[in-house]
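Protein chains in written order, with our numbering: chain G, 7 to 328; chain U, 29 to 158.
These are calculated hints, taken from the structure and not from any lab test.
You may find that some hints are simply not true.
[Said to hold, decoys possible] Straight-line Cα separation of at most 25 Å, BS3-like style, residue types lysine-lysine; simulated pairs: (1) Lys99/U / Lys82/U; (2) Lys77/U / Lys36/U; (3) Lys252/G / Lys239/G; (4) Lys99/U / Lys77/U; (5) Lys77/U / Lys252/G; (6) Lys36/U / Lys164/G.
[To be verified] Derived Cβ-Cβ restraints for the label pairs, each shown as a range: (7) Thr9/G / Gly62/U: 27 to 35 Å; (8) Arg40/G / Arg98/U: 47 to 55 Å; (9) Pro145/G / Ser97/U: 22 to 30 Å; (10) Asp146/G / Glu33/U: 24 to 32 Å; (11) Pro295/G / Arg150/U: 26 to 34 Å; (12) Glu50/G / Gly62/U: 51 to 59 Å; (13) Gly62/U / Asp242/G: 52 to 60 Å; (14) Arg222/G / Lys84/U: 30 to 38 Å; (15) Thr70/U / Ser142/G: 27 to 35 Å; (16) Pro145/G / Arg98/U: 42 to 50 Å; (17) Asp134/U / Cys124/G: 38 to 46 Å.
Glycine is no exception: its CB is placed at the ideal position from the N, C-alpha and C atoms.
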Amino acid sequence: MITGILGFMLNALSIIVMSAVTIIALISLAFYCRAIHIHRLSAESRQTGLWILVFSPWLIGVLSSTMVMLLSTPEISNFVGNQFVHWHHPTQFAVDSWHGYFVSLILGLALLVALRACFRVARSSSTIRTLSSLSSPRPDGVRILDTNTSAAFTAGIKDPGCYMTSALLDQISAEEYSIIRLHEMAHIKRNDPVKKTLFHLLTTFFPTPLALSFNRTMTTAMEQSADAAVVSKHHDKATIAKTLLKVRRLAAQETADQFRLPQICHYGLDNIDQRIRYLLADKKGGEIPILPVVAFIGLLAICCALGTDTIHHAVEISLYHS
Amino acid sequence: MILGELEKLVLNYFWTVSGADAKQVHEYFSRQRGGSLNTIQTTLDRLYKKSLLKRKKISHAFRYSAANSRKAFIGQLILSVTQDFVSTDEDNLLAAFVSLSTELDDQQLRELEATIREYESRTLSQGSKQ
Numbered sequence: 007m008i009t010g011i012l013g014f015m016l017n018a019l020s021i022i023v024m025s026a027v028t029i030i031a032l033i034s035l036a037f038y039c040r041a042i043h044i045h046r047l048s049a050e051s052r053q054t055g056l057w058i059l060v061f062s063p064w065l066i067g068v069l070s071s072t073m074v075m076l077l078s079t080p081e082i083s084n085f086v087g088n089q090f091v092h093w094h095h096p097t098q099f100a101v102d103s104w105h106g107y108f109v110s111l112i113l114g115l116a117l118l119v120a121l122r123a124c125f126r127v128a129r130s131s132s133t134i135r136t137l138s139s140l141s142s143p144r145p146d147g148v149r150i151l152d153t154n155t156s157a158a159f160t161a162g163i164k165d166p167g168c169y170m171t172s173a174l175l176d177q178i179s180a181e182e183y184s185i186i187r188l189h190e191m192a193h194i195k196r197n198d199p200v201k202k203t204l205f206h207l208l209t210t211f212f213p214t215p216l217a218l219s220f221n222r223t224m225t226t227a228m229e230q231s232a233d234a235a236v237v238s239k240h241h242d243k244a245t246i247a248k249t250l251l252k253v254r255r256l257a258a259q260e261t262a263d264q265f266r267l268p269q270i271c272h273y274g275l276d277n278i279d280q281r282i283r284y285l286l287a288d289k290k291g292g293e294i295p296i297l298p299v300v301a302f303i304g305l306l307a308i309c310c311a312l313g314t315d316t317i318h319h320a321v322e323i324s325l326y327h328s
Numbered sequence: 029m030i031l032g033e034l035e036k037l038v039l040n041y042f043w044t045v046s047g048a049d050a051k052q053v054h055e056y057f058s059r060q061r062g063g064s065l066n067t068i069q070t071t072l073d074r075l076y077k078k079s080l081l082k083r084k085k086i087s088h089a090f091r092y093s094a095a096n097s098r099k100a101f102i103g104q105l106i107l108s109v110t111q112d113f114v115s116t117d118e119d120n121l122l123a124a125f126v127s128l129s130t131e132l133d134d135q136q137l138r139e140l141e142a143t144i145r146e147y148e149s150r151t152l153s154q155g156s157k158q
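Please construct the entire structure, taking both the sequences and the accompanying hints into account.
Here it is as structure tokens:
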């Protein structure tokens, strides 16, 4: 039995975990029932919405845990006259109880996910460092890679860089080069590689199909925002769209003819269609209603706090009877 | 792919020569940065195991050469990053200008071109009205 502050913290953690798992299940259910229509929002709002979706389980967990634990302390409970929310043993945590097993299981899984993510980040970072050492930087910040593959991308967490291959450079005009550079620089300015890493980490707690869908939607929204940054400097949307299509054609041709990797065809994130249509559209979609969303998160936190005691009793009664 | 500093240097060396054994590589690098023959042999072995070098036994020593050209190696690296990108649906370190997917067929690409042309003509007619 762990008592005192540590016991208090572990009880608070078990409420956070219970609430987060409940909210993740609710969000997943809402998506499977098609109750959330995030695609109707503008690119910026879609990103905000996705961040709210992946952060909300943990935010609601912290809020509900704070409510329950504060109202369970005798001083506050006596003062407020709390009758609805309480935790019987706020400063006592039994490791060999269902709380202990539940918290250990979730923390173990979280550690596994974090280690896996760190390994992937380290592996990708090493590849990117090697690419960086083999590149030739230009005065405008673009790093040129001498290869026969046509590609342009932004990569790196600590020191993100804009890479373009010599094969692509040979096949594009000065205007197209400028568009691609502006697009990649927008990714760097917006810290997209770091954001994508963090976002990916948070989505790993969701069911895989939903996590993939979240990541795909986030990538598309980030690309659309980078395209919008180019529009603000270049203005001619049709030329930007044509450049996208041209680079897409070059990359597709090489992928099919040179590398012959079918897995790319099957799993590849293909957002060119959405990007071009969004770029040329007059209406970019709605904005996220921030106030109702914040109110809903608060309501869910209160529901979680109220439900904690019920779930707690339900589990303990079922365990006691079995 | 994780490559150490010396591995990168040795690989770069092999892109400038047709082939060399451990002693020749050691001789080249001892002038530049020192280091023992054993370190060079270990590095060559590691690069061979990573399929970046190929080797052939001549007499009692291995003669190494680059498995791929510099251009092909860079292409492989880009592919390995983008492969991560597609196998996990997103590679979070990378934000590609366009994905390498070939999911869109020619018909869809032509439709997109038509959409762009339509947009251009619409913009033109709006401009002429004004």
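Structure-based check of each hint:
1. Between the alpha carbons of Lys99/U and Lys82/U the distance comes to roughly 17 Å, so the proposed pair stays at or under 25 Å and holds.
2. Using a Cα cut-off of 25 Å, the hinted pair Lys77/U and Lys36/U holds, with the two alpha carbons roughly 14 Å apart.
3. The suggested pairing of Lys252/G with Lys239/G holds, with an alpha-carbon distance near 20 Å, which does not exceed 25 Å.
4. A threshold of 25 Å between alpha carbons decides the hint, and for Lys99/U with Lys77/U the separation of about 20 Å falls inside it, so the pair holds.
5. Proximity of Lys77/U to Lys252/G is assessed by CA-CA distance (about 39 Å); at most 25 Å being required, the pair is judged violated.
6. Taking the CA atoms of Lys36/U and Lys164/G, the gap is about 21 Å. The hint holds against a cut of 25 Å.
7. Hint check: Thr9/G to Gly62/U, Cβ distance near 60 Å, so the stated range 27 to 35 Å is violated.
8. The given range of 47 to 55 Å is respected by Arg40/G and Arg98/U, whose C-beta atoms sit roughly 50 Å from each other.
9. Judged by the Cβ atoms, the range 22 to 30 Å given for Pro145/G and Ser97/U holds: they are separated by roughly 27 Å.
10. A C-beta distance of roughly 28 Å is found between Asp146/G and Glu33/U, which places it inside the suggested range of 24 to 32 Å.
11. Separated by about 31 Å at the C-beta atoms, Pro295/G and Arg150/U satisfy the suggested range of 26 to 34 Å.
12. For Glu50/G and Gly62/U, the Cβ-Cβ distance of about 54 Å falls inside the hinted range of 51 to 59 Å, so the restraint holds.
13. Under the hint 52 to 60 Å, the C-beta atoms of Gly62/U and Asp242/G, about 56 Å apart, fit the expected range.
14. Distance hint check: the CB atoms of Arg222/G and Lys84/U are about 47 Å apart, inconsistent with the given range 30 to 38 Å.
15. At about 30 Å, the CB distance of Thr70/U to Ser142/G agrees with the hint of 27 to 35 Å.
16. Pro145/G and Arg98/U have their C-beta atoms about 23 Å apart, which leaves the hinted 42 to 50 Å range violated.
17. For the pair Asp134/U and Cys124/G, the beta carbons lie near 42 Å from each other, so the given range of 38 to 46 Å is met.
Hint compliance for this structure: hints 5, 7, 14, 16 are not met, and every other hint is.
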